[in-house]
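The primary structure of each chain is shown beneath.
2 protein chains.
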Amino acid sequence: MALLSDLYQLSMAYGHWRAGRHRLPAAAELFFRRGPFRGAFALGAGLAEGLRCLRAFRFSAADVAYLRSVLPSTTEDAFFDYLATLDASEITVCAAPEGSVVFARVKGPLLVVQLLETALLCLVNYASLVATNAARFRFLAGPEVKLMEIGLRRAQGPDGALSASKYSYIGGFDCTSNVLAGKLYGIPVRGTVAHSFIMAFTALEEVQPRELVPLAGGEPVDLPTLAESWLQRVCELLQTPPEKANRGELAAFVAYAITFPHDFQGLLDTYCVRRSGLPNFCAVALALHQLGYRAIGVRLDSGDLVQQSKETRRVLRACGAHFQVPWFETIPIAVSNDISERSLEEFSREGSEIDVIGVGTNLVTCPLQPSLGCVYKLVEVNGSPCLKLTEDEEKMTIPGSKTIYRLYDAAGHPFMDLMALEEEPSPSAGQELAIRVLGRLAETTKVVPAAVEPLHRTYFRDGQVCEPLPSLPEVRTHAQVSLNRLNPAHRRLHEPQAYPVAVTERLHCLLTELQQASQ
Amino acid sequence: MALLSDLYQLSMAYGHWRAGRHRLPAAAELFFRRGPFRGAFALGAGLAEGLRCLRAFRFSAADVAYLRSVLPSTTEDAFFDYLATLDASEITVCAAPEGSVVFARVKGPLLVVQLLETALLCLVNYASLVATNAARFRFLAGPEVKLMEIGLRRAQGPDGALSASKYSYIGGFDCTSNVLAGKLYGIPVRGTVAHSFIMAFTALEEVQPRELVPLAGGEPVDLPTLAESWLQRVCELLQTPPEKANRGELAAFVAYAITFPHDFQGLLDTYCVRRSGLPNFCAVALALHQLGYRAIGVRLDSGDLVQQSKETRRVLRACGAHFQVPWFETIPIAVSNDISERSLEEFSREGSEIDVIGVGTNLVTCPLQPSLGCVYKLVEVNGSPCLKLTEDEEKMTIPGSKTIYRLYDAAGHPFMDLMALEEEPSPSAGQELAIRVLGRLAETTKVVPAAVEPLHRTYFRDGQVCEPLPSLPEVRTHAQVSLNRLNPAHRRLHEPQAYPVAVTERLHCLLTELQQASQ
Chain A
1 MALLSDLYQL SMAYGHWRAG RHRLPAAAEL FFRRGPFRGA FALGAGLAEG LRCLRAFRFS
61 AADVAYLRSV LPSTTEDAFF DYLATLDASE ITVCAAPEGS VVFARVKGPL LVVQLLETAL
121 LCLVNYASLV ATNAARFRFL AGPEVKLMEI GLRRAQGPDG ALSASKYSYI GGFDCTSNVL
181 AGKLYGIPVR GTVAHSFIMA FTALEEVQPR ELVPLAGGEP VDLPTLAESW LQRVCELLQT
241 PPEKANRGEL AAFVAYAITF PHDFQGLLDT YCVRRSGLPN FCAVALALHQ LGYRAIGVRL
301 DSGDLVQQSK ETRRVLRACG AHFQVPWFET IPIAVSNDIS ERSLEEFSRE GSEIDVIGVG
361 TNLVTCPLQP SLGCVYKLVE VNGSPCLKLT EDEEKMTIPG SKTIYRLYDA AGHPFMDLMA
421 LEEEPSPSAG QELAIRVLGR LAETTKVVPA AVEPLHRTYF RDGQVCEPLP SLPEVRTHAQ
481 VSLNRLNPAH RRLHEPQAYP VAVTERLHCL LTELQQASQ
Chain B
520 MALLSDLYQL SMAYGHWRAG RHRLPAAAEL FFRRGPFRGA FALGAGLAEG LRCLRAFRFS
580 AADVAYLRSV LPSTTEDAFF DYLATLDASE ITVCAAPEGS VVFARVKGPL LVVQLLETAL
640 LCLVNYASLV ATNAARFRFL AGPEVKLMEI GLRRAQGPDG ALSASKYSYI GGFDCTSNVL
700 AGKLYGIPVR GTVAHSFIMA FTALEEVQPR ELVPLAGGEP VDLPTLAESW LQRVCELLQT
760 PPEKANRGEL AAFVAYAITF PHDFQGLLDT YCVRRSGLPN FCAVALALHQ LGYRAIGVRL
820 DSGDLVQQSK ETRRVLRACG AHFQVPWFET IPIAVSNDIS ERSLEEFSRE GSEIDVIGVG
880 TNLVTCPLQP SLGCVYKLVE VNGSPCLKLT EDEEKMTIPG SKTIYRLYDA AGHPFMDLMA
940 LEEEPSPSAG QELAIRVLGR LAETTKVVPA AVEPLHRTYF RDGQVCEPLP SLPEVRTHAQ
1000 VSLNRLNPAH RRLHEPQAYP VAVTERLHCL LTELQQASQ
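For the protein sequence lines, the chains are A and B, in the order given. Counting along the first sequence from 1, when you hit position 460 you're at 460 in the numbering used here, and nothing is skipped either side. Counting along the second sequence from 1, when you hit position 294 you're at 813 in the numbering used here, and nothing is skipped either side.
What the hints contain is simulated information worked out from the structure, not anything from laboratory work. We treat Cβ as the ideally placed atom computed from N, Cα and C, and that holds for glycine. Treat the hints loosely; a few may be bogus.
Claimed, not checked - Listed below are several chain B residues computed to face chain A (Cβ distance under 8 angstroms; list not exhaustive): (1) Ser524; (2) Gln633; (3) Tyr645; (4) Asp678; (5) Val698; (6) Ser715; (7) Ala719; (8) Ala722; (9) Val726; (10) Gln758; (11) Tyr775; (12) Thr884; (13) Lys896; (14) Ser920; (15) Thr922.
Make a model of the complete structure from these sequences and hints.
If you want it as structure tokens, here you go:
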């Protein structure tokens, strides 16, 4: 795992080692400068994976041999011997709990703090991005709709897909199609049929076996024949010509219903939804009903999903009423097909009848902003604060080893995160604080927090994870609680009010001094 | 690896098994409908990984136990026993060689063909997307500029990053910063220093050790003192105040130069490029020169890169001329900082002096189109062609088991890919062919190819990879050759001419018959 790094981290490590500076105490901060997707918030995720990486941080003999082959030939042997002994036992990590609206701090010997940069960024960046993306989908879908992650085939390979499943779940999704994610992380998995299954049938004669025993027991019934007779009645009710109901589709539905009588879902759009998918589904579901079983849903995967969901609900209601099957009208309608934030906005604007939404590409690839742009910056070496002053003001870092406080207003909403130097006393609830907000450092602002929360806990020390890590469902719940605590002005997805981050007067003085000294 | 799948593949597998259809011969095609990034071409990549996945395709006892827990409780035991025996030994895969401007075909028992869908899509989709993206960067940069992939921290986790490194290399990049990719795939790795290294120094006194032995041997020299004296001379020449050259930066450059005297690269923009980074770099490089060593380059990572590259070249020329160090003016200038296609267009439009370009986020996340949208469709089951006819005409599939031919014009450019039924005779060079182009199937077109190439080879059969797989550099070369063979009208990145895909008259007849039959 230690080789999961950019080469320059290793050349710098040699530089520090050669200069005898490798064991200087150092501190780095991992943070982002702007929330993704033009939103005001981001969920922090990837902490548990980052801690796992720290625990396993070691160069194997093969790693060291490879490094010998790529570092300049003048590199001293003793450096490679030193690398072979390295681990993260002297590193301390403080962070907000995973799933918090979020930063993290890493402290330890300079060389190791430096070497961890790339791996930690790699583990946190995408995790936080996709968790935040998932939270936005959840926000738009509302609490009732089931959200399913189906991005395996569009992610950056198997591991990217597993991350997508895990962190979408943290962000508020309910389940995934990815079986391996289910096995590895315990996330609920769901899935029924694809168009290929429907297309693999052409006629009822292909259905094998044909019989289904009624739920209450008794003689097995020939389901193709029963479904066929229901199809006539359904087509009559819906006034659609029975010959337009595709025979292969009917066969596929019947075969699936015999295989999974308790879990029959109809995929309606392989041929024509209105004239084929819907009548065939209703026929098979009514046949199943006659034997005591309930269909679990339908899925639409192309065309105008809002209109089709309304048409589908109308047909399900009509069949339910006409054939006196009351549960029919509440059969869940699932949709998929390139669902985006915009789709969800359209669903709610046009009053769809959709109950379950599968999101793939636009969830896992985050096309609105495919990278969070987290950074990891040295803020202190050997007790001296570090400052990077560049021509891009936004790329400036805030120097010094800091504590972060979250300030809450009287309504219980966080209204500001405040960075203070570690040696400063903690601010108190009800106390007037003179602070400076990043982005307008020239002026002092006074704020009185109703409550103050230190944001970070120590998660890693002495080579061990020293804080109990919550389960995945617990992280998921914590994320929803954190999000719901946000002021709606910060939580809204479009043109939210920026969430202010501020520094104390003392930290601001330090910043000004360093700026002057370096100019 | 077999669990890397969407759950519906497994419920469908049970459906096929229960119906006794699981061993029917079936064929599927893996293809994309539109080239990514509004371009006309895509490089096919991921074949070798897909073949590895086929070789390893097996459900472990633990996998089967997990599947028992997620499939309905009515699922028969014998199905799980069957899964435990499955492998890909009856699968045949035909494909164009990896790195070709591209499709693939998979044949075998229906159940296995179906189960492979998600994993193959997952392995091919992102691989092809990022290879194509890399090819576009190479096209814009021209053949001389060195392109370096630096996206590890922005990819979808460690594995996504490794894929990015590998497939960017195939697409035409020269090297990567990702050390693990270097070790695993043999891709050249590069990297020197980051801002954090520069910021870790504040004064020349911190440099340790201080001495460097001249290349030709002799007494060690105190490099900080020597660099200091050169700084005075450089500042005089450049007419910049020596006190504006940051001391920490100078110390960091000196420390790095002592550590890597043969590989000194200056990162110029931690403080001010013009007044600090450039004078400090020239001072240290000239000091090194005096001892017989050559600096290998500079890097700019913020601000206006074109202007800074010109300023940097001007200063390097001035120093080279004034101090009579001719190689100074050709010191390679590297840039990074959110480089995109648009940046590369700007570099060439404004005549930059850039020699090396590091691309991270915009290479690995493919923000212009973060997913290729490859699909995998059953085209034949038990000898009968399959057709999916939906309300989105673009989602229609072309039925039947097919051979693909690439047709070349007299200038050697491919001008069309032609799909024919497998049983049709192969078209010949010089023969007039009546074909129908997808997108305007109503009309017949006549073409006369100067040359005809069957696009697919058989890569997997009898559980074995049956075609020798080229090395990564060979794939990279094949990709460049394939791209260079394209007609410039198809290769250009903006508003290219669409590359036509056509069907034979016989295939068109089949399509029409099936459409009529299903309506």
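- Task: Kindly indicate which numbered hints from before are broken by the structure, ordering the numbers from low to high.
- Result: 8, 10, 14 and 15
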